[in-house]
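Taken in sequence, the protein lines are chains A and B.
Count along the first sequence starting at 1, add 13, and that's the number in our numbering.
Count along the second sequence starting at 1, add 310, and that's the number in our numbering.
It should be emphasised that the hints constitute simulated quantities derived from the structure, not laboratory data.
Keep in mind that a hint or two might mislead.
A few chain B residues that don't get close to chain A, going by computed Cβ distances all over 12 Å [unchecked claim]:
| no. | residue |
| --- | --- |
| 1 | LEU475 |
| 2 | ARG486 |
| 3 | SER506 |
Facing chain A, from chain B, some residues (calculated, C-beta under 8 Å) [said to hold, decoys possible]:
| no. | residue |
| --- | --- |
| 4 | SER318 |
| 5 | LEU423 |
| 6 | SER440 |
| 7 | ALA478 |
| 8 | ALA479 |
| 9 | LEU558 |
| 10 | LEU566 |
| 11 | GLN568 |
For each residue, glycine too, the CB sits at the ideal point set by N, CA and C.
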Amino acid sequence: MWLFMAPSVLVIALVLFYPFFSAVYYSFFNYYLGSQAITFAGFDNYTALLSEARFWITMGNTFFIVGASVALQLVLGLALALALYACTRGVRLISLLNFLPHVVTPVVGGIFLKWIFVGRWGLLDATLISFNIFPPDWLGDPDWARFTVIMADTWKFMPFLMLVLYAGLQAFDTALLEAARIDGASNWQLLWHIILPMMKPLILFVVAIRTMDAFRFFDLIYVLTNGGPGTATETITLYTYQIGFRLLEVGRASALGVLTLIVVAMMVALLIWFMQRRGREAF
Amino acid sequence: MKPRHQISLLVLLSVFTFINLVPILWGLLISIKQPADAFSIPPTLIFEPTLLFHWEVWVERGFFSFLINSLIVAAGTICISVPLGTLAAYGLARTKTKYASTLLFSLLAIRMLPQILLAIPFFVMARYLSLIDTYLMMILAMVAINQPFTIWLMRSFFVDVPVELDEAAMIDGCNRWQAFWHVVLPTVRPGLAVTSLFSMLLAYNEFLFALILTGSRTKTLPVAIAEYGGEDINYWSLSAAGAIGIMLPPVIFTILVQRHLIRGLTFGAVKG
């Protein structure tokens, strides 16, 4: 049996664990790509980052953007899943069409959205102006840029939640819903007291997946705002990219990556703890 | 539900779907409009469509060669990731020890790794080995991202196959390998196709690693289109044509795997 796993384990060790541990190793060194001098720095990279304003700004941005967009996606995705569940016709076509934004290459999706939000020539501005409404600067104003990025993330990932939650709804025992209905439960009561409690493990599971992915999400923001204006939409991943691949400070970028991993791991641990406290597993 | 409610629900869903697809439709319109029409305010809806920009971007601006690069990377990733992942998935699906489940969950935990943390050592390695701008480095990086996912997804297909099938084959004189190769593997063929398609999509859509590891020779489509961007208004029609073309394979993918989308999206945890 173990022979079946050996090749894969070997490859994972080579392309995942080796790079991962070398990144952890780099994070303890003053290491600039291009210069030969590599000196041991201990925890200097970490302490420098933790005492830096920009680190906390980007961490705050990340939490704000991840939190707001995951919450928005969850509400919209759930509403859409319920609507699909209640619908009797054309469900397959509607879910397939709504799913498209999720499979479109993220960079391409970002460019499409840019043509909606870009100043003056974008579809949104053009439409608003034709109604004599003066539009805000969607990508240039810090607050609106955050809003736009959240909308973009929602556009891309809501379909994922919709589809998974819809699958969860379909797996339901309809007899239970029928019984509750005969007992006189209203639709809202059905939702609050039966559907949502039964969906809880699945909801926590998708939220965990989305949280992990949102922290490492890069493409859409890179194309839309590249972290701007200033650092208004700069997430931790974009900041790491700047340090690592623009400034070539490999040591510091690795430390930042390790810090990100710790934060994500803590978030996921929290979600798993929450999941197990309820005594149910999503698997 | 009353028919009247059904109809209003359907109308509501259709309106939402339309709004959701506006960015894509708008991109499509830009790509087939003359620039004079594309930028008029309010947006014109009646115009003479043209495929000029599609021709120009794919043939004259070399997007076709970027497509070849994307396909080479995707194919290389599938060729390494799927066979290895399938073997491991079979092993994991048929072992019931504590180690196996520990291994499975540590594979899931790998998903927590920020990709950028992996990108750094890959970049350093590529620089040291002079492997920047080669397919090899990009394929290895894609395998790294792909492998845990491939194993989980394939495992969910193997778990669906009753163990009795293996046992019957082994009673008939097959050894473990023969039972796997001649009996179990043929039954999971659809699973292999689905897993390959998902791996392909992942490699095809990848941007961060492609941005870092590829260069002028091996540039993949996402990097190429990002360079055109949406900024310079003179290139809008061209990059719209490129963007629409790049979008087609993922759309075909969705139609092909629609029955297995949910399983793929959730690491095989939820069976649609």
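Next item on the list: Check each numbered hint against the structure and report the violated ones by number, ascending.
Entry: When the structure is compared with the hints, numbers 2, 4, 6, 7, 8, 9, 10 turn out to be violated.
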